[in-house]
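Residue numbers (the working numbering), protein chains in the order written: chain G, 371 to 694; chain B, 371 to 694; chain D, 771 to 1164; chain E, 771 to 1164.
Derived by calculation from the structure, the hints in this document are not laboratory data. The C-beta atom is built at its ideal place from N, Cα and C for all residues, glycine as well. Any given hint might turn out to be false.
[Said to hold, decoys possible] Calculated lysine-lysine pairs in the PhoX-like style (CA-CA distance at most 20 Å, straight line):
no.	chain 1	residue 1	chain 2	residue 2
1	B	K684	B	K595
2	E	K1019	E	K1070
3	G	K409	E	K1089
4	D	K840	B	K672
[What the hints assert, rightly or not] Computed far set for chain E versus chain B, every beta-carbon distance over 10 Å:
no.	residue
5	S860
6	K903
7	Q1068
8	R1087
9	A1093
10	T1128
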Amino acid sequence: MAMITMREALNQAMREEMKRDPNVFLIGEEVGHYQGAYKITQGLVQEFGDWRVRDTPIAEEAIAGVAVGAAWVGMRPIAEMMTFNFALLALDTVLNHAAKYRYMSGGQIRCPMVMRGPSGAAAQVAAQHSQSLESYFAHVPGLIVVMPSTPKDAKGLLKAAIRDDNPVIFMENEVLYNVKGEVPDEDFTIPLGLSEVKRTGHHVTIVAWSRMCHHSLLAADILAKEGIECEVVDPRTIRPLDEAPIFDSVRKTNHCVIVEEAWPQASVGAYISDRVQRECFDYLDAPVMRVNAPDVPMPYSKVLEKLYVPQPEKIVETVKQVLA
Amino acid sequence: MAMITMREALNQAMREEMKRDPNVFLIGEEVGHYQGAYKITQGLVQEFGDWRVRDTPIAEEAIAGVAVGAAWVGMRPIAEMMTFNFALLALDTVLNHAAKYRYMSGGQIRCPMVMRGPSGAAAQVAAQHSQSLESYFAHVPGLIVVMPSTPKDAKGLLKAAIRDDNPVIFMENEVLYNVKGEVPDEDFTIPLGLSEVKRTGHHVTIVAWSRMCHHSLLAADILAKEGIECEVVDPRTIRPLDEAPIFDSVRKTNHCVIVEEAWPQASVGAYISDRVQRECFDYLDAPVMRVNAPDVPMPYSKVLEKLYVPQPEKIVETVKQVLA
Amino acid sequence: MPKKPTPAKTRSRSVPARPISAPPKTSAGPARKSQGAPPLGRAEALRLYRQMLMIRRFEERAQQIYVEGKIGGFLHLYIGQEAIACGIMSLLRGDDYFIGAYRDHGYTLARGADPRPLMAELMGRSTGISRGKGGSMHFYDVPNGNFGGDGIVGGHITIAAGMGYAIRLRGSDQCVVCFFGDGAINEGAFHEALNVASLWDLPVVFVVENNMYGMGTSVERASAVTSLHERGAAYGMTHLPCDGMDILKVRDIFADAFARARKDKKPTFVEVITYRYRGHSMSDPAKYRSKEEVEKWQEKDPIARLGVFLLDRKFARPKDLEAIDSDVSLEVDGCVKFAEESAWPPPEYMYEDIYVKTPHINWRAVENDPAWERSLPDDRIPVVYPPHVSTVKG
Amino acid sequence: MPKKPTPAKTRSRSVPARPISAPPKTSAGPARKSQGAPPLGRAEALRLYRQMLMIRRFEERAQQIYVEGKIGGFLHLYIGQEAIACGIMSLLRGDDYFIGAYRDHGYTLARGADPRPLMAELMGRSTGISRGKGGSMHFYDVPNGNFGGDGIVGGHITIAAGMGYAIRLRGSDQCVVCFFGDGAINEGAFHEALNVASLWDLPVVFVVENNMYGMGTSVERASAVTSLHERGAAYGMTHLPCDGMDILKVRDIFADAFARARKDKKPTFVEVITYRYRGHSMSDPAKYRSKEEVEKWQEKDPIARLGVFLLDRKFARPKDLEAIDSDVSLEVDGCVKFAEESAWPPPEYMYEDIYVKTPHINWRAVENDPAWERSLPDDRIPVVYPPHVSTVKG
Ligand SMILES: Cc1ncc(C[n+]2csc(CCOP(=O)(O)OP(=O)(O)O)c2C)c(N)n1
Ligand SMILES: Cc1ncc(C[n+]2csc(CCOP(=O)(O)OP(=O)(O)O)c2C)c(N)n1
Ligand SMILES: [Mg+2]
Ligand SMILES: [Mg+2]
């Protein structure tokens, strides 16, 4: 077990899979000679060359389209979105092409591609650059959507995503790139659609992924000091959703809080809440509660940004509310 | 009160508002000389000319961008998407520009535009042309999203949308274009964000909008014969959501079914379910149930398409389940 | 440890993987001089005549049964443009790829697909080439490199570049043909795709079928430059026009384009001038153009033109051509019969062909999701039907 | 009946509505011959020198306090490109519009905005020109037609076309300037926007500031054609290059472009050749280019060049230029002081400026939503600060 950052974990996953399978290649803005806008692809162009690590013009629809076309004819592209905010420009390619051609062709086509990059709020990059748009992908049949919270999860899930034959949307979080964690030394993968209980407890179930999983664990520490034991479930993959561990936990704790960095309406958290209230109806002692970003764009000023991103304090408050 | 189709109602709304305000203009593919792909804009180019009824190249990002730019400098554009499936290509323009510039500029900019067109399943137009993507817009702060079910609502809400100073996404349903209904003869508007109880009942609350409101009313008729009285609430505007009438109804009926034409995950219906379970927790005798399209793309074959679109029978079944 | 499904083939059977070699250097040499296509011999000329006629009769019948309500949704007919698909496909290699938009019947027939599963697809039957789930706009025949029909105007153009990119990565000498319309050329995707195709030297031939209208909008009302191929200059790409009503001219121009792709790894942008005889789709009365205009174009009919060529060359006698026509009509009858006798897709089809069953999924999480539960471990090659036996001696 | 808020003005104060007249016919006449800009007199030359220096010093200070942690997020500096914004703005009319990308400090200063709210914006204060909610990438000054900074590469290009469309609808002779970078030119939005601008004769001047790199990617690695202005030909649009390091040349070229827009209602596409001295943003060490390359460009420095012009023409003596510099530095000190003394935005700012309060909303439905509750009936003009009084006699 080595202690490495999520940045290193992601880099290792890509390097190992590119070594393992000559059909794997990487394409995106500044992924090559610039070593990646966030240095996730550091060193890869030196090792694999310009064709397997392709710098592109600023043209997201082309990046996605090239990945889809290559995947359809047997390659395994990894398309990096410099940030997922820009993936909106490629959304049609993902939703109407990557996710649908297998179906429309009666099973003749497969699209073994990964689209990855940072998502969510960074530090003061304001409204257009601080969005959590995972709901747009989680809404779509045909896609798999991964949002890892630890270096180990990031590496194991990215390797599985690259090997998998379905289109996988792999959303990282810029703020977590420098977070360190233990990662197995040997080759390993983590199955897509497998949630993990990141902390056990019996008073309340907190469902949270990506950066919010960390905030929830911090909240759990604070609450533990007051004798409140939270169970933190990290779905890791938000589509398909591994529901059983969430339901099992809620049936045990009888309380549920869902923490999400995204806006509250028509979101992944809303869907989990809907599922929990139905599947755990007789077990719930209180309504499912949610913690989200406020339903507004992200402001630039640091004093406002701090109020915007769901903080541990807000989670603590909500847990107390649901237990009250 | 005249009996007219939703097509005529929409056409009247645009004609009246274009007469009323010289700043209103229409732009989109085939809206002019072709009289609209679905004939919603019939006769407008003859009456207002090529500049106020602008045929465009097939370029959705440009259509949306031209509308946004014109709105920012004081015009009131109506941008028609031939169908909302193609609006994915304009989503960045809507989400990162129409919905955010007022905020990022500290209130200096306003975007009084309407983006409208048909949404949802038509008849056998298959996976890429049969999508209900309203959740993508309902997710976004800064937007207003309208989905009318009757000619009267369509006319009153579209006129309000055109007069309003916020960007409004106005999603029609192709299957409803020929549906007739009574529409007041005098000039009228219906406030944005005002839901309407389309049928009163005391056993169960059904929340449904657009085409699904009709299927729900049909289901209610069937159930009434068996002595089950459904209250059908039509939000009409899905963002902002007029929740009070929904909650009031559920607190009366103690049962709730949400019917949605869209996919189930990360959707508007999921959010309404989340809100109801929280606000009506002590009143619910059963979990909130939902009826959705299956979580798959739309198939072409008519035998499969019929199974795909939520039918009244499915709603009846679900109501009985929630009452069981 | 999650329950593992039967391990999946990691590669699609329909698309054999090739070893990756460093991509060959692109000849920076002078632009190749035009060679044109090999002269058209009797057998090939007759085959192409029959093929164009097959497209024509197949679509005329489709139009007819659409009116009878046996086909639903959109139906976009290729009638008038047959020489383009047939001319281009006659030069393609078995391992080449192509992709196009929703007006896709002609491409698939010209690529040699059995017409019966196509008619079955139009009628939404389980024997359809896309199992009844795609319909008119979504014909695909992947074993033959046919990535078929896209309903999103311009949406497939960047995807064609991706197929070309894969070819460069593998170092093979395949090429890709990307068909789109004069309306699609104004979508941003066109711009992004042609830029990268030229920047990276991708072996893709971009074909704009300029049939004068995008739905009801004429080229003049949609494009600031109406000589569409000239847009290739903005990407430093070889670009030229081509008469799409003469299959011989089509073959000459594209033979060069394919050589440029295979040998020089250079893309080409060809504007094929053509005309659609029918409305945009069945719902379009085509009020935006005159009867005279349509007739003017019909005088250049590509099938009649090849017929004249066959007679001039003494490759066929008038009655041979009539025999071909009646033979084709017979075959079309067989298509409708085949389709009508075919079963409707069973309900479970709705949940199939969405996901690929792989060992990387936590099976427990999805076992109750019918879309996952009915997913299959690897790609299905569409059922192959016994070939139609022609009664005409080629 | 829903509760009605106080009725809203239906039009923004900052953008007065004009009556609609039928759009004037576009002169189909011959391309106008170059007139160039009026000769640069002493006062104007000194004003522009001071303005360019103001941008330079303002950004140098911003860079410095960014390092001190007083500015967060992205900071993209315009240093080296000052002649473009200043030259163009010196020709614009008060009622013209412009829009650009995130590298936007120069545009806003060149348009004559008080620099203090700009520094306050960088520091995220309530007195910022965007109330601390936009930051470096999002400067706007709508009362002066400044639609400022877009963080989405290429995202604003179609929007500029919309402003031009509004001008045509109103029949006014305003024009629009749209600034974007050499990287943005490969986005689909560029293609869609230039096509409609030319097709509909919109009075928009499209300016690609070719500073040789899009982040770390040189033009050669991003665009299949490196003489970027030539892409204008694909839209039948007048296109030409321009030396962006010489404000006199900039003025000459753009004076013609604006005449073409105002009188002929024709768009122009200008490629301004320039260079950014600093990295793409503060996080970019710019390893992709050599020290020599940067120095080579710095020898053409636009500010030094105008300085030489001023001395040659005897418009100023060396010590006048020094005085301007120290005066500018004083003003920049004042900006930082102003910003640091300004209050942080109060929490409620987070919920403001999202919606416009109008009588068309059912107020009961949104009364508990702080974003609606704190929305205002109409647009706010940013607070105006007493103008800085220069100590230099122009
Ligand atoms: C992105 C998108 N926008 C609009 C449409 C609606 N539409 C379908 S076909 C068509 C016209 C396309 O014309 P052209 O590209 O010339 O092809 P043709 O039909 O002439 O073969 C339009 C506007 C669509 N399917 N996709
Ligand atoms: C749609 C989109 N893609 C990518 C980015 C990330 N990005 C920000 S600036 C930039 C480079 C733009 O270069 P150029 O257009 O030349 O402008 P310059 O920075 O040189 O002024 C990139 C790739 C973005 N902000 N938006
Ligand atoms: Mg066409
Ligand atoms: Mg640049």
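Q. Which of the listed hints are broken here?
A. 3, 6 and 10
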